[in-house]
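Protein chains in written order, with my numbering: chain P, 1 to 405; chain S, 1 to 272.
The hints are simulated quantities; they were obtained by calculation from the structure and are not laboratory data. C-beta atoms are modelled at their ideal positions from N, C-alpha and C, and glycine is treated no differently. Careful, some of the hints might be misleading.
[Claimed, not checked] Chain S regions said to be covered by chain P (calculated; three or more residues, Cβ under 8 Å): (1) 100-113; (2) 125-131.
[Unchecked claim] Under 8 Å between C-beta atoms, here's a sample of chain S residues computed to sit facing chain P: (3) Ala92; (4) Asp95; (5) Asn96; (6) Leu97; (7) Gln116; (8) Arg119; (9) Leu121; (10) Phe214; (11) His241; (12) Ile243.
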Amino acid sequence: MSAAASTTADDAQTGQGPTRSQAIRRLVQGDLSSVRVVLGLVVIAIIFQVQESRFLSAENLTNLMLQITTIGLISVGIVFVLLLGEIDLSVGAVSGLSAAVMAVLSVNHGWNAYLAIAAAVAVGASIGFLQGSLFSRFVVPSFVVTLAGLLAWEGALLQVLGKTGSLNINDPKITGLANTFYSDTVGWIFAAVIIGAYGAVLAMGYRKRVSAGLADGGPLSLIVRFVFLSVLVIAAVAILNSDRGVPLAVMILLGFVVGMEYVAKRTTFGRHVFAVGGNAEAARRAGIRVNGVRVAVFTISGSMAAIGGVMAASRLFAVNQNSGGNELLLLAIAGPVIAGTSLFGGRGSVWTALLGALVIGSISNGMDLLSLSSAVKLMVTGGVLLLAVLVDAVARQQRQTSGRV
Amino acid sequence: MTNGTPLLELEGVSKRFGPVQALDRVDFTVSAGEVVGLVGDNGAGKSTLVKAIAGINPADDGTIRFEGREVRINKPQDATELGIATVYQDLALCDNLDVVNNLFLGREERAAGIGQATRQLDEVKMEHETADLLSNLAVTIPSLRSEVGTLSGGQRQQVAVARSLLGDPKVVMLDEPTAALGVPQTKQVLELIRRLRERNLGVVVISHNLADVFAICDRVFVLRLGKAAGEFKAEDTTEEHVIGAITGLAENRENNEADREKSERKPEEEGA
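Taking the hints into account, I'd like the entire structure generated from these sequences.
Quick look at the structure:
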């Protein structure tokens, strides 16, 4: 009821000052969920820091970033699947299988590291393509197709690894992916490039809007965003530099998050993903090749799973029968959902892959520091996921009562 | 208002679904700058006729002429390419996308320059064109960037109509544009339909609401059991006449034998 009432108030306002109410509405609709998650992160950090002073140390924060790389990368692909309103349960198994293929090619067959990695990504992409095609061509629920995949690819992983069930990776090009740290200078160069590029993008976008006569609210909000990001980047690099330096793994994760966010929000393809997730029939009638979009999204999901698997193998220096197993799959799906990507399709962003991985990683890392048992860890993570999904459901209900489906 | 050859001309169009003769040799025309009301009881064939023109369920038989030229409409793209746009009752909008994105859904403007490689969207251009189009149509929407799901039914209908105009069509068909709308919203949508006529478009409006039909239509075309059951100039007729044609009372009064046989196919309707 209160939501409905506030909407009417909003509408009344609109008549007088469209720009202000528009800005408020944008903030509420677009950024509220990420603000919520950031607040959640702060609370988590305070709780753990109070109990264990090592939690916010530079060393532990660097470890945390390394720990979330795999989940974050897999979640990037999951976000696209969730935007369609679908699910991909095979990503864990696919990440394990792809990493195993890479390890076998590199260790047993002496392939060049980059070729082996490319082969792993190709395996993930092909699996995603196959599952996406089956799902869209035969209209089988994605849940079932990818559940079958989960079982089958886990079997394939065992098959590929053979009798030993484990392969140690010794090619430094592969192990370097997760174990390279840049010098302080390079770290600051990264910071300067990121801040400069962000500023340029904001400024160019604003200039284009002004010249088209569409500018609303002035550059203030852009300046706030720019300052916020700059402070964040500088702080992050300072912290990472005071330990081992900026890890290559973090740059890889950030690169994929930024790149895929661009794909989701700024390209025709991304727009079509949102359209299909929001109303597939409307998308079809608008001339969008709905099945093509679906296949492409599952291919992305498989590819990102493979990339995540490669990073996991690199960090572990090995691939074994547990690779891609355990709760990796569920955490990779839980992350974006916790951070505000809807399970019902059509709403979300790639940033939630990073934010969600941070939330899950922080909880897991903090409880490790406190030497809590796996039992407690799993129950707490489950509780957080449930809480996040409930918040999503309540937000959805409020949208519906206020006429927004 | 109507001059020369009609924009769209149907002659003897028939459509059969198994044993059901949904359209039986229907002749139908729309001219530029004319609003034609398409009325009839449930199952009279209104939607079938619109779908045949839109290429969703192509006609089995009969000829269709567009601007005097005989054409075949076998799929929706055929109709779109001719310049026939259809706004369906369910509007086919994506509630999670904003007004601009819905308007350009499936025909997004792409950015020039390096963005081309990734098929980058030109949001600014799309927003600009949306603002122009909506202000031309005098459609007021609080914010072009608000999600369509947050809009009222009337606003959503207007967005759907505006979207159909993006392809620069010559004929626009609207399926029940005022159903489920409140009085002020209905008024807005009817205003919008009048502006379509001012733009010299041919407009076909399916409606159950005779008050709305008489408010905007130049001509009323009645379908009954798949056959043309009367065509009236809106200014020369009354609601009673049209209702008579819709229900078949007028024909019964004239003791039209052929139609008597037709109506006996569905005796339960006569009983009710």
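For each hint, the structure was consulted:
With a cut-off of 8 Å between beta carbons, the region 100-113 of chain S has 6 residues touching chain P; three or more are needed, and the interface restraint holds. Given a C-beta distance limit of less than 8 Å, the hint that chain P covers the region 125-131 of chain S holds, as 4 residues qualify and 3 suffice. Given the 8 Å rule on beta carbons, the hint for S:Ala92 holds: about 4 Å separates it from the nearest Cβ of chain P. Interface restraint check for S:Asp95: the shortest CB-CB distance to chain P comes to about 5 Å, inside 8 Å, so the restraint holds.
Given the 8 Å rule on beta carbons, the hint for S:Asn96 holds: about 4 Å separates it from the nearest Cβ of chain P. At a threshold of 8 Å, the smallest CB-CB gap from S:Leu97 to chain P is about 6 Å, leaving the interface hint in force. Because the smallest distance between the Cβ of S:Gln116 and any Cβ of chain P comes to about 11 Å, over 8 Å, the interface hint for this residue is violated. Because the closest C-beta pair between S:Arg119 and chain P is about 4 Å apart, less than 8 Å, the hint holds.
Residue-level restraint check for S:Leu121 holds (minimum Cβ-Cβ distance to chain P is 6 Å; threshold 8 Å). With 8 Å as the threshold, the beta carbon of S:Phe214 stays out of range of chain P, its nearest partner Cβ sitting at about 31 Å, so the hint is violated. A cut of 8 Å between beta carbons decides the hint on S:His241: the least distance to chain P is about 36 Å, and the hint is violated. At a threshold of 8 Å, the smallest CB-CB gap from S:Ile243 to chain P is about 34 Å, leaving the interface hint violated.
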